[in-house]
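So the protein lines, in turn, are chains A and B.
Just so it is clear: in the first sequence, position 186 is 188 by the working numbering, and no numbers are missing.
Just so it is clear: in the second sequence, position 49 is 62 by the working numbering, and no numbers are missing.
Check before you lean on any hint, since a few could be wrong.
[To be verified] Cut-off 27 Å, straight-line C-alpha distance, at most; resulting in silico cross-link-like pairs (DSSO-like, lysine-lysine):
| hint | chain 1 | residue 1 | chain 2 | residue 2 |
| --- | --- | --- | --- | --- |
| 1 | A | Lys-409 | B | Lys-42 |
| 2 | A | Lys-404 | B | Lys-52 |
| 3 | A | Lys-404 | B | Lys-301 |
| 4 | B | Lys-301 | A | Lys-409 |
Please keep in mind that the hints were generated in silico from the structure rather than gathered at the bench.
So you can see what is in the structure, the chains are spelled out below.
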Amino acid sequence: MGDFVTNEPRAARPLGAAARNGGDAATAGEYALRVFSLSKTFGATRALQNVSIDVRAGEIHALMGQNGSGKSTVIKCLAGYHQPDGGDSAELDGESFNIGHAVPDGLRFVHQDLGLVLELSAQDNLALHGGFAKGFGGRVLWREQEKETHRMLERFEVHIDIHQPLAAATPVERTVVAIAAALQGWHGGGGLLVLDEPTAVLPHDEVERLFAVVEEVRNAGTAILYVSHRMDEIFELADRVTILRGGKLVATKDIAEIDPRALAGLMVGEDVDPDYRAPVAGKPEAPVVLETRNVAGRWLRGVDLQIHKGEILGIAGLAGAGVLELPYVLTGHAPRGDKVTGELRLPQESSEWRDITEADKLNIPLVPADRQREGVIFEFAVSENLSLSILDRLGRRGKLGKREEAKAVEEWSDRLEIKAESPGALISTLSGGNQQKVLVARCLVSEPDILVLCEPTAGVDIGTRVSIYDLIARLAREGLTVIVSSSDEGDLLAMCTRVVVLRNGRVAQELDGDGLSQQALVSAIEGEN
Amino acid sequence: MTTGSSGGALTTTPPQAGRAPTGGPPLAKRLAGAMAFDKVGAVYVWIAIVIVFSVWVPETFPTLDTAKQILNTNAITGLAALAITIPLAARVFDLSFAYVMTLCGVIVAELMVGGMALVPALLVGLGAGLLIGLINAVVVVVARIDSFIGTLATGSLIQALITMVTDDTTVSGVELSGGFAEIGQTDIAGITLPVIYCALVAVAIWYLLEHTATGRRLYATGFNPDASRLAGVPVNKLRFVSLLISGGLAGAAGIVLASTLGSGSPTAGTPYLLPAFAAVFLGATQLKNGRFNAGGTIIAVLLLGTGTTGLALAAAPQWSQAMFVGIVLIAALAVTSIQRRATVRGRGSGVHGGGVAGTDQPGVGTSTPVTTED
Numbered sequence: 003m004g005d006f007v008t009n010e011p012r013a014a015r016p017l018g019a020a021a022r023n024g025g026d027a028a029t030a031g032e033y034a035l036r037v038f039s040l041s042k043t044f045g046a047t048r049a050l051q052n053v054s055i056d057v058r059a060g061e062i063h064a065l066m067g068q069n070g071s072g073k074s075t076v077i078k079c080l081a082g083y084h085q086p087d088g089g090d091s092a093e094l095d096g097e098s099f100n101i102g103h104a105v106p107d108g109l110r111f112v113h114q115d116l117g118l119v120l121e122l123s124a125q126d127n128l129a130l131h132g133g134f135a136k137g138f139g140g141r142v143l144w145r146e147q148e149k150e151t152h153r154m155l156e157r158f159e160v161h162i163d164i165h166q167p168l169a170a171a172t173p174v175e176r177t178v179v180a181i182a183a184a185l186q187g188w189h190g191g192g193g194l195l196v197l198d199e200p201t202a203v204l205p206h207d208e209v210e211r212l213f214a215v216v217e218e219v220r221n222a223g224t225a226i227l228y229v230s231h232r233m234d235e236i237f238e239l240a241d242r243v244t245i246l247r248g249g250k251l252v253a254t255k256d257i258a259e260i261d262p263r264a265l266a267g268l269m270v271g272e273d274v275d276p277d278y279r280a281p282v283a284g285k286p287e288a289p290v291v292l293e294t295r296n297v298a299g300r301w302l303r304g305v306d307l308q309i310h311k312g313e314i315l316g317i318a319g320l321a322g323a324g325v326l327e328l329p330y331v332l333t334g335h336a337p338r339g340d341k342v343t344g345e346l347r348l349p350q351e352s353s354e355w356r357d358i359t360e361a362d363k364l365n366i367p368l369v370p371a372d373r374q375r376e377g378v379i380f381e382f383a384v385s386e387n388l389s390l391s392i393l394d395r396l397g398r399r400g401k402l403g404k405r406e407e408a409k410a411v412e413e414w415s416d417r418l419e420i421k422a423e424s425p426g427a428l429i430s431t432l433s434g435g436n437q438q439k440v441l442v443a444r445c446l447v448s449e450p451d452i453l454v455l456c457e458p459t460a461g462v463d464i465g466t467r468v469s470i471y472d473l474i475a476r477l478a479r480e481g482l483t484v485i486v487s488s489s490d491e492g493d494l495l496a497m498c499t500r501v502v503v504l505r506n507g508r509v510a511q512e513l514d515g516d517g518l519s520q521q522a523l524v525s526a527i528e529g530e531n
Numbered sequence: 014m015t016t017g018s019s020g021g022a023l024t025t026t027p028p029q030a031g032r033a034p035t036g037g038p039p040l041a042k043r044l045a046g047a048m049a050f051d052k053v054g055a056v057y058v059w060i061a062i063v064i065v066f067s068v069w070v071p072e073t074f075p076t077l078d079t080a081k082q083i084l085n086t087n088a089i090t091g092l093a094a095l096a097i098t099i100p101l102a103a104r105v106f107d108l109s110f111a112y113v114m115t116l117c118g119v120i121v122a123e124l125m126v127g128g129m130a131l132v133p134a135l136l137v138g139l140g141a142g143l144l145i146g147l148i149n150a151v152v153v154v155v156a157r158i159d160s161f162i163g164t165l166a167t168g169s170l171i172q173a174l175i176t177m178v179t180d181d182t183t184v185s186g187v188e189l190s191g192g193f194a195e196i197g198q199t200d201i202a203g204i205t206l207p208v209i210y211c212a213l214v215a216v217a218i219w220y221l222l223e224h225t226a227t228g229r230r231l232y233a234t235g236f237n238p239d240a241s242r243l244a245g246v247p248v249n250k251l252r253f254v255s256l257l258i259s260g261g262l263a264g265a266a267g268i269v270l271a272s273t274l275g276s277g278s279p280t281a282g283t284p285y286l287l288p289a290f291a292a293v294f295l296g297a298t299q300l301k302n303g304r305f306n307a308g309g310t311i312i313a314v315l316l317l318g319t320g321t322t323g324l325a326l327a328a329a330p331q332w333s334q335a336m337f338v339g340i341v342l343i344a345a346l347a348v349t350s351i352q353r354r355a356t357v358r359g360r361g362s363g364v365h366g367g368g369v370a371g372t373d374q375p376g377v378g379t380s381t382p383v384t385t386e387d
């Protein structure tokens, strides 16, 4: 059992209130984890600047911030993936350690991807983390191992076949197995469990089950650092919250003394007015340039859209609603093997409906969600990355026109204010925001009428973010039609003329971008009417 | 030469700085850049090797005859290495190329001995190479079998077929001594024709990879197929065609080899498997900073060929040649990897850490976004 020196009476929080049962054995200090002025730089990006975090023993401490605020970098430093540039001193349960060089035994992690091997069973996954029960000559004692596995999972009331591959388990069961794996050999009494966005992949109705598990861990005396950007979860679960913005510490607050609006204000900050709107004008009277009919896929269950010229249409919704899938389907880039149906047409060009799987033959470029994996070619220079989409047009008779290429690259670098040492510099030397601009330029250089963006500001710092909003708004004013899909409400609020909210793969609601408030958007996304 | 990230916007520094592929820097600067150790380190090592052997065996090594000998004996290795350069640029392995060499040599020899005229026999031989390339492409691109395993399997099948048909005996006969022998044995001032073929193929591949849209797309496909696909690059088509090309080129190399040997040996191609891959990977560390390229491949073939020839002339023990190849490869890849890490240090992406050796998986950290959260 941990001690709870800093108990705050918290009323009427369904789970949190029940958790206050500790109070004995004041062996550990007041704090489970203390981090003193942690800093980390990636190339030109200052990911973290003097961030200090105190997690009290036995509390559920939320770490919040928008995309690019540095949450993940904090976790990766703590887990030893990154070495901090400065300020690597920290304490766990009063014992000091150096961040990035050592990970104390009491510091346990469940990363967002859970770190499980889905082809293996729960038993094997647990053993991969904690080691097998071995007998003479390295022989695995399977019966022992089985008993141990059952013991670990029973604690969290998970009843799955421990010999089945985890792929067969539900998402929440997998998350719990990951938590059990992380906590192996640690049976409460101090320590800290880091949960990095554990609900990101969970369906809404399974979140409560995860919360019960989190409470169980805390009741055993282990503090929890809970990373999320979901407000509702934080208010239901956490005792205190630390807010990061642009790699800096904004504040650490008791949940009791803050309301969602104030918290949102702290996350978004003053650099970006939460009510910031890029100057756009909705044009419902403009002609329809893209129309879809009954688009369905892995998540989508029949989406009809009508998009007008010069519009910036936002696509919003929870994970699993199809928000991430729609941009790929619209541009003809659905994952191989996914069955995609539906039709689309460009009424300006032809009134004929075409199968949506042929969309890749239209000039509708996509700025993909995962810049590192699907966007940037790191071994290529800035210029080579930018010109990739128009190689056909450069030069004559098969010879690549390097001069024409340089001209196009210069023009678009100029228009998008891309900051690079030279066009020949490797793109990996650019900041995240500038890499993103290169990808936008790669799409625009083919002079499309319609552009689709997916998570346009993921991993982009706040300042660059505003310049991306303004850029897209400017392009829309010049007649470009833009579709933006984002899990970051800020993106949608800042630039969309209209937002379509998806729920369970269908259009559930349509909101006018003009005067749209964050609350209205969030409650539409969450489905609270 | 730094690739640091500070500095003004592109607009303030038009493309005169650096070794931009798009820019036109002054000649002197460009020359200095082109001769930098991190680009052509192997050339300096090569010069050092020449000096060492010139001192070690001064009577036989530093002569024109030795130079010609190095060229003549390594031309086939060069052709073989060039054959796999294009698929490797797209990160596709073609391990079957050595068996294709054997196959095409044997086929042409069999047909000639059987009484067919030279040109039709050559065409059938080349066709066989292309056919194997087509089969490889179907296995790798259509059936989506990993290219390393897929071409290993087809290579094994080809060898089985060769042994079955030839009964493991060399095909020979007087028919192979006329026009067929001239393909590989004719020499001009001591330089045999295969050297010329090798040079021509190298120039063609250099042009393709450096100066055409297809070349750029091949590299893009190799570096990041997902991103390339989203940017409209026909990734699968390029992989398919690259295997066709390697099949055809390997077939041609095999025919030339059979001509120089004057017979169709059922194991002629196998000895070229490892030297060709060694040369291509070593070549990728040269000139183009991690990209498989024709010039680098040629430099590597010459470097390795000079070393082994020198060792033979110095009457060093047999094993020393294999040891030399191994040491040069590891040293070159290690130096490149260290340099690359120093250049992009701190980016945290780790994408460059793997160097060219990590052909299928670029590096450890690719799936770890630098600052991305979601």
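Now the hints, each set against the structure:
Taking the CA atoms of Lys-409 of chain A and Lys-42 of chain B, the gap is near 22 Å; set against the 27 Å cutoff, the hint holds. With a C-alpha separation of about 21 Å, the suggested pair Lys-404 of chain A and Lys-52 of chain B falls inside the 27 Å cut-off, and the hint holds. For the given pair, Lys-404 of chain A sits about 17 Å from Lys-301 of chain B by alpha-carbon distance, which is consistent with the 27 Å threshold. This hinted pair checks out: Lys-301 of chain B and Lys-409 of chain A have alpha carbons roughly 23 Å apart, not beyond 27 Å.
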